[in-house]
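Q: For reference, the chains in residue letters:
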Amino acid sequence: MNLITSSIGQGLLWGLLGVGLFLTFRILDFPDMTVEGTFPLGAAVSVTAITNGLNPLIATLLAFLAGMLAGLITGLLYTKGRIPILLAGILVMTACYSINLRIMGTSNVSLLGKQTLFSGQFFASLPKFFDSVVLGLIIITIVVAILAIFLQTNLGQAFIATGDNEKMAKSLGINTDQMKNMGLMVSNGMIAVSGALIAQSDGYADVNMGIGIIVIGLASIIIGEVVFGELTMNQRLVAVVCGSIIYRFVLLLVLKAGFNTNDLNLISSLVLALCLMLPTLRKKFHFDRILKHGVAMPTKERD
Amino acid sequence: MERPVILELKNVSVYVNRHTTEEIQILKNINLKVYKNDFITLLGSNGAGKSTLFNVIAGNQPIDEGQILVNGHDISNMSEEKRTKFISRVFQDPKLGTAPRMTVAENLLLATKRGSRRNLKLRRLKQHLAEFKQITATMPNRLSERLKTPTGNLSGGQRQALSFLMATIKKPAILLLDEHTAALDPKTSAELMEATQTRVTEDELTALMITHQLSDAVTYGNRLLVMKDGRITQDLDAVTKANTNIDELMIY
Chain D
16 MNLITSSIGQ GLLWGLLGVG LFLTFRILDF PDMTVEGTFP LGAAVSVTAI
66 TNGLNPLIAT LLAFLAGMLA GLITGLLYTK GRIPILLAGI LVMTACYSIN
116 LRIMGTSNVS LLGKQTLFSG QFFASLPKFF DSVVLGLIII TIVVAILAIF
166 LQTNLGQAFI ATGDNEKMAK SLGINTDQMK NMGLMVSNGM IAVSGALIAQ
216 SDGYADVNMG IGIIVIGLAS IIIGEVVFGE LTMNQRLVAV VCGSIIYRFV
266 LLLVLKAGFN TNDLNLISSL VLALCLMLPT LRKKFHFDRI LKHGVAMPTK
316 ERD
Chain P
319 MERPVILELK NVSVYVNRHT TEEIQILKNI NLKVYKNDFI TLLGSNGAGK
369 STLFNVIAGN QPIDEGQILV NGHDISNMSE EKRTKFISRV FQDPKLGTAP
419 RMTVAENLLL ATKRGSRRNL KLRRLKQHLA EFKQITATMP NRLSERLKTP
469 TGNLSGGQRQ ALSFLMATIK KPAILLLDEH TAALDPKTSA ELMEATQTRV
519 TEDELTALMI THQLSDAVTY GNRLLVMKDG RITQDLDAVT KANTNIDELM
569 IY
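Residue numbers (the working numbering), protein chains in the order written: chain D, 16 to 318; chain P, 319 to 570.
It is worth saying that the hints were derived from the structure and are not from the lab. Owing to the predicted nature of the structure, the values given are computational and were not obtained by experimental measurement. Quick reminder that beta carbons are idealized off the backbone N, C-alpha and C, glycines included. Be careful, since some hints might not be right.
[Claimed, not checked] Mimicking BS3-like on lysine-lysine, the simulated pairs with C-alpha atoms at most 30 angstroms apart in a straight line are:
1. D:Lys95 / P:Lys439
2. D:Lys182 / P:Lys413
3. D:Lys95 / P:Lys400
4. P:Lys351 / D:Lys182
5. P:Lys488 / D:Lys182
6. P:Lys489 / P:Lys451
[As the list claims (entries may be wrong)] Covered stretches of chain D, as calculated for chain P (at least 3 residues, CB under 8 angstroms):
7. 116-125
8. 166-173
Make the full structure from the sequences, and use the hints.
A: Following this line, the structure appears as structure tokens:
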């Protein structure tokens, strides 16, 4: 039971990463490697701020700002510097490694005995592992609600159009460079917050905690799509969070099956590769009847 | 009475590989006055500079020499995005004009905001549905029944009809039609041309249309331009155009 509760809690905290990545990977339609740098950046900033005596909430907000800044740099390299997005992301991700070491001063900083977002009487009164479930649920609900509303605004629609057909968006007067920068900033800000939450939940920040992060984020998105199939935009945001939780259960099973934590990146990549190949495999082996829904874009009529 | 000049090109030139040994001039000192309510058809072989001329007007091709004026204001250095306030465009490729994952209604709603700032107000799609139903009904091929369909699932003809509506739903000062019926089958193409004619006339639009269909070039519009090697070689008004034999135009 404890393991299941813990998986749900972790899934919710990591869900923020998936939703953040969804903004760039699915809506803007490009892979943003910056996340591998901004996730530990968020952890580094928040943990350093907390060890220096700042309120954990302010520390988490600082992580958000730091993530946004990193996203902006990637965006400017991409939109103004005309560097391909993959490379722009890798550059910022690599630079972040040094920045994170500078911020923390060392490769690993512990939060032992410090106040975090998970401290406090209310969380202490909850059964074990329920703290991350409650906090995760609160944060992810707020974030998904704000995003869902945002995407229904004129600006949000322009943002979606930019990723859907950039040439058309431009011909309607949408400043697509601004949309991309905005998307990268919000996305990386959210991912940094996810890093900050995971660091506070785990009780430490490590400079290497960003390795393989993009695969975890993508896994949440893809699993959500494979499991839930064709959805509206708002439902897809929730599906990402569910995908993140399901992914934690997959990891739990893998660990139960006798693999150790060092194998997780390999397993994660395998799971993701399998999910990504699913549409092709289905065609080839006629999986359609077994798996009703897939990774394909929504095709049904919708509001 | 003389109609006012909406668009004016003064000595506009565009070069490729300028200042190198491979320099090519793809637009050569173009001078053109487009008057209000002109519906100009534009003929020319591939490489004559028709598309470059459109790109120059729309702003996604910078000019090397000359000036572009809209209602007397110099817009030569204005960005493509800013120009969308008064210029709209329909592309030849049905895929280019619409956002495939967004529905027909969502696409139309985006188009009603052409050239204006995108703010954080809610989009209010439902309040526009009746209006969208009405204008899509003016188009052939039952577009009005598919308002909630993602445009990626529409036929090429439906998508072009939608692209055309999107370009005109907010009345532009200048409408650029870049072979907008070329990718369609003859019947659909003819229907869209008719719809185009009706809309341009009823809304008193000022339009330029590239076409390779000589019959369309002669049938539609009140003025015909022929381009060759980066120059406008013929400029026929409605009367001359009406008396022009299609065969005579073949010389282009």
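Q: Failing hints, ascending?
A: Result: hint 7 breaks, nothing else.
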